[in-house]
Amino acid sequence: MRKQWAVTGMPGRDEKIPQTKFSVVQYVILAVFIVLAYGLWTLQVRKSDEYATRSEQNRIRQVPILAPRGKIYDRDGQLIVDNYPSFSALLLRDQMRDLNADAEKIADGLHISREEVVEKIRRYQLAHKPAFEPIIIKDDITPDERAFIESHRDDFPELETLMIHRRLYPRDGFMAHLIGYVGEVSEDMLNSPKFELYERGDIVGQSGVELQYNDLLMGKDGSRRVLVNSKGKEVGRPPNANIPAVPGQKLKLTVDIDIQKAAEQAMEGKNGAVVAMDPRNGEILAMVSRPTFDPNDFAVRISAKEWTRLVEDPDHPLFNKAIQAQLAPGSVFKIIMSVAGLQEGVAQNLHVNCAGGGVFYGRYFNCWVKGEHRVHGPVDISKGIYQSCDVFFYTLAERLGIEKIAKWATAMGLSKKTGIDLPNEVSGVMPSEEWKMKTFRQKWYAGEVISVGIGQGAVTVSPIQLARTIGGITMGGTFYRPHVVNPEQMPPQFKNVATPTSTMPDVVHVPIDPQNWITITNAMAGVVNPPSPDMPTGGTAPSAHIQGVDFAGKTGSAQVVSNAFRKSKGGAAKQFNDNSWFVGVTPRRNPEIVVAVLFEGGEHGKLAARLTAQIVKAYVEKQRRLRNNPMLFSDKADPGSVPIAGVWNQPGSIGSNAAEAADVHAGSSQEAEQSENQLHGGTVLVHLGRTRAGRSQTGKPVLRPQVAGLAGGD
Amino acid sequence: MRRLISFRDFDWVLLTFVLIICSLGVLEIYSTTYGTKFAGAHMRQVYWIMAGLAVMLTVSLINYQILLENAHWFYIASLVALLAVTFFGKKYLGARRWIQLPGGQHFQPSEWVKLVLILMLAKYFSGEGDREASLSDVVKAGLIAGVPMLLVLKQPDLGTALTYVPVALMGLFLGGIQLRHAAVILVIAGVLMPTVWHYGLKPYQKDRLTSFLHPEADSQKTGYQLEQSKIAVGSGGIWGKGVRKGTQTQGSFLPEPHTDFIFAAWSEEHGFVGAVALLLLYFMVLMRLIHNAQTAPDSAGGFVVMGVVAVLLFHILVNAGMVVGFMPVTGIPLPLMSYGGSSVLFMFLALGIVMNIRMRRFVN
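Order-wise, the sequence lines are chains B and E.
One point on numbering: in the numbering used here, the residue at position 2 of the first sequence is 2, and numbering is uninterrupted.
Just remember that the numbering used here sits 1000 ahead of the position in the second sequence, which is counted from 1.
Looking at chain B on its own, in the form it has when it is part of the complex (with noise of 0.2 Å):
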């Protein structure tokens, strides 16, 4: 080629230029096509996939569209969350813009300083946050900030607007703890496995229902894809530009919101918890904890100082106290001592004498009734009960041990979560030879059974966990998981997602003896009863008496400190009061709902008591009302012809043969007639708590229970 171009031979006027040069031109020449060859190749064909993925990325604009979450009703359909749309300013961090020298104008029409736009983006920079991730430099943005975002489009290409649907819950944090709130999704969730599916900037269910039913309720985001140029101008649609969103699912709770609200109002201005279920199934009608808080808040960005107030409030706003107090029962576990006594045929014929207290293992334990300047005198299991008496618990503990008590309760759920679909249940404590070796690898003293016999000592519960074993007993024993969603009425591709992660069986059946069942039940109704010529002491709680309707209960109250610091602590300081507790059912056998109240700082079970009244009160008119029957859960209506069978012939009852067992038991209510016939002396329709004759309002006379012999006495 080269032989081509070296013409020569043509005379010049002059020298000409030494064909050497031109060669090395010519090289040169090549040199440097290559290096722009190898350039190209580089580009075009080592690394085009990658630079092919950048150039999508720089024409796709990606706006998420955020999905609503679930909105959440009661058991009747009554909607308590609710979502409202609120828009947030966005800054997009991929537009090759300086975004520091446009934050002056974006600071100015969002109404925000300079330096907080400034410092938001260097936080992000620091971060090392990929380019595609939005900052978010202002929630719930007003119209006119709305406004100033559209028609800034030009000259702020990475501004946009993003709506959001926040979280509408009830006003003055009604319900806030069962419901729970939302927030962004933490680093520590997204490690965990039931969150490592989300992703940075979610938002998902912090607390409550909305924790644990998160997946249900999320829901799926979607985006809006548009073609952009540099200036983040529109141009186009690319295929499949929209991926809608796909709704949270709509969340039906057990919750009786009517319920709720009564034990809400219970509960206002007090310290405690409520739970309220319905033992025939374990769905929960109520649940309080106080105090609360208000969800709401949480809803857009919570402030670092409320945050900081909630955290280190001595009360604990947060804390469910419902599923998550451990405390001492006090005197509601005389019920559970009652069944193990009674069972373990230790309790029917203990008769003990008491004298304001009395001494086992070498020590003196007093009764309550010492602070009364009063005596119980003869105690049988039913005055045990209404009448709570120290003395005879301690004995039948003392005659128990610490094992069977330890067996019974275990097995009617103390110590163990009752599985309710609910985060951050606690199991409580229910003492025992071994937990004790375990726990402070110490022998059992022998002597500590006796205030494990009045619910002190080392045991502690949760009022879910007190709602579910009382509820239970006065079913007969028959105890339902207790649960805030009938997982019947979900989606069947979210019942595996919903369930609680607890090993506890939907249903677990303790079998007691329908005899024991009816003196238990009966000695629950005498705690609120008012005193009477037969029962001149009355219950424990007789004015938690609700007129006309069968209510029974136990009260409990149980000492947070011991008196001996309670005293080095100067006395009635308010933070070491007894808690009081009651759990009541209605009606006293087969109820339809057990709440159980914990009243902090209470003092005594009867103020409990009067809590819990008013919420079965609620519950009772709003079922005589519904179901159009006066009647329902009347006193007056004969206990003792209660269904007993009926129990017992509820399908999946104990017992592998399902016939055998109604056999068996069919037999055994027979027997239990008769010994209840035998109990009250004969008399057969037993009407107890029913004194105010004069007032009643039928006006008929009112048959007086004849407690034979034992309680009648004194």
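Quick caveat, the hints were computed from the structure, so don't treat them as lab data.
Be careful, since some hints might not be right.
As the list claims (entries may be wrong) - Covered by chain B, per the in silico footprint, the following chain E stretches (three or more residues, Cβ under 8 Å):
id: 1; region: 1045-1054
id: 2; region: 1145-1156
id: 3; region: 1261-1274
id: 4; region: 1277-1289
Even for Gly, the Cβ is constructed at its ideal location relative to N, Cα and C.
Chain B is fixed; fit chain E onto it per the hints.
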């Protein structure tokens, strides 16, 4: 005795290559400006090319010897024009490069100074004969190129000023610079460079020169432009995205796609194959020009043609090098392709002189 010059002696081969490149340029200008405020630029480019052809024909009729003889006058006129720009020029985009002409046209003298410089240096070195250039030759040649260069730098127009360098280097190389002088120049350049860097360049010029080394770091302006250019070229792949399908170009992510970054736009829409084909065309043009230099009737003609080669090569190297990320952003257009009257007219004027030299190869 003197044979009549004839258009049979016109370099039709060279013209064909040049016109092919120009057509591709028009096609790409059409593609990149479609639907933008520059729409229709391709037709204006066609008019410029036609005007350029007319200029080329006209110039090819004028004996280059006459041009060479009057080179010093052109040179003086150039200096005056550059000074006029400095004092009366129209300021646009922060630089004083243009003289407003009556009728709304702008005139950018620095572009034409290149051609004058080629003629001036050709005249100087051809007069020296084929001997080694003395130190005074080197200094004089340096001054001839250096004075207008400083004036242009002052505008400031770093890119155009740099295009004078290859013309001077080509002159010195062909004029027979001694190795030791070349070494001395290199040392002086090495010493001057940091000085100029600190005191002679404006911050944005420094940015431009350095950002190509790390384009990702500078997400704004020049680094961004380079990055977008690389994305455009790279995403083109082997076969390209097709005319008017280049997303980088059409989405205006690529800056100035019809002028400085037209090669990037071409590479995006026509891929590796198209880009290499275009480079081959330029290669053919350069080789054909060298052929003409070799066949020039005298060394002065050879110097002139090689000066054009130097300018053309430098433009291609810097522009295409910038597009693939090897070179800083200097605002140097790709000759024959980039949109712009000055650039087109300059190239055809230079080609006219080349044609003239070729047509007179047998004339003596």
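To see whether the hints hold, each was checked on the structure:
1. 1045-1054: violated (count 0)
2. 1145-1156: violated (count 0)
3. 1261-1274: holds (count 3)
4. 1277-1289: Coverage by chain B holds for the region 1277-1289 of chain E (5 residues, Cβ < 8 Å).
Violated hints for the displayed structure, listed by number in ascending order: 1 and 2.
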